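Asks: Start from the sequences, fold in the hints, and give me the full structure.
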Amino acid sequence: MDILKFQYRVRPELPVMFTYGSNQWHTMAVVDSGSDITYLPHDIARMVLKMPLRAQPETIDAAGGKDFRGIPQRVTLAILDERGKEQFSFPRTKIYVADRHYTNDHTVLGTDSLFSRFDVTIRATRKEIELAPI
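In case it helps, the working numbering puts the sequence shown at residues 29 to 162.
None of these hints come from the bench; they were simulated from the model.
Quick caveat: nothing in here was measured; it's all calculated off a predicted structure.
Just so it is clear, CB atoms sit at the ideal spot from N, CA and C, and this is done for glycine as well.
Possibly wrong hints are sitting among the right ones.
[Stated by the list, open to error] Derived DSS-like pairs: lysine-lysine, alpha-carbon spacing no greater than 27 Å straight-line:
1) K33 to K155
2) K155 to K113
3) K122 to K33
4) K33 to K78
5) K122 to K78
6) K113 to K33
7) K122 to K94
[Unchecked claim] Computed beta-carbon distance windows for the label pairs:
8) P80 to I150: 16 to 26 Å
9) N51 to R111: 14 to 24 Å
10) F116 to R39: 16 to 26 Å
11) M75 to K122: 26 to 36 Å
Replies: Take a look at the structure:
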């Protein structure tokens, strides 16, 4: 399988699509090698993907010793190319949804869903990300 390369502007981000049931959401997700989990904002999960969000929130250890509460869910996570075409799809990927609305919320791809499936190279000086399937 080919290596995918992406250019980014400010943060290392990838084009992705989350699917829950028949609902889909295309977005740019921040690649975060320091995050163990993949994280989705509450409002997107509830309003766009129509997730019921009935599970009990779990406490997640976050950077800087701060915790947050996340609701575990399963989605299909697709990695898209720069034209929006699906390149890889991972059904039943475990993610966490924020238990409430947070200001300045970002979608984050953590080590559990991205780094366990790809060798990820971030070249900050070129503002480039490479994904090589494992």
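Asks: Could you check the structure against the hints above and give me the numbers of any it violates, in ascending order?
Replies: 4, 8, 11
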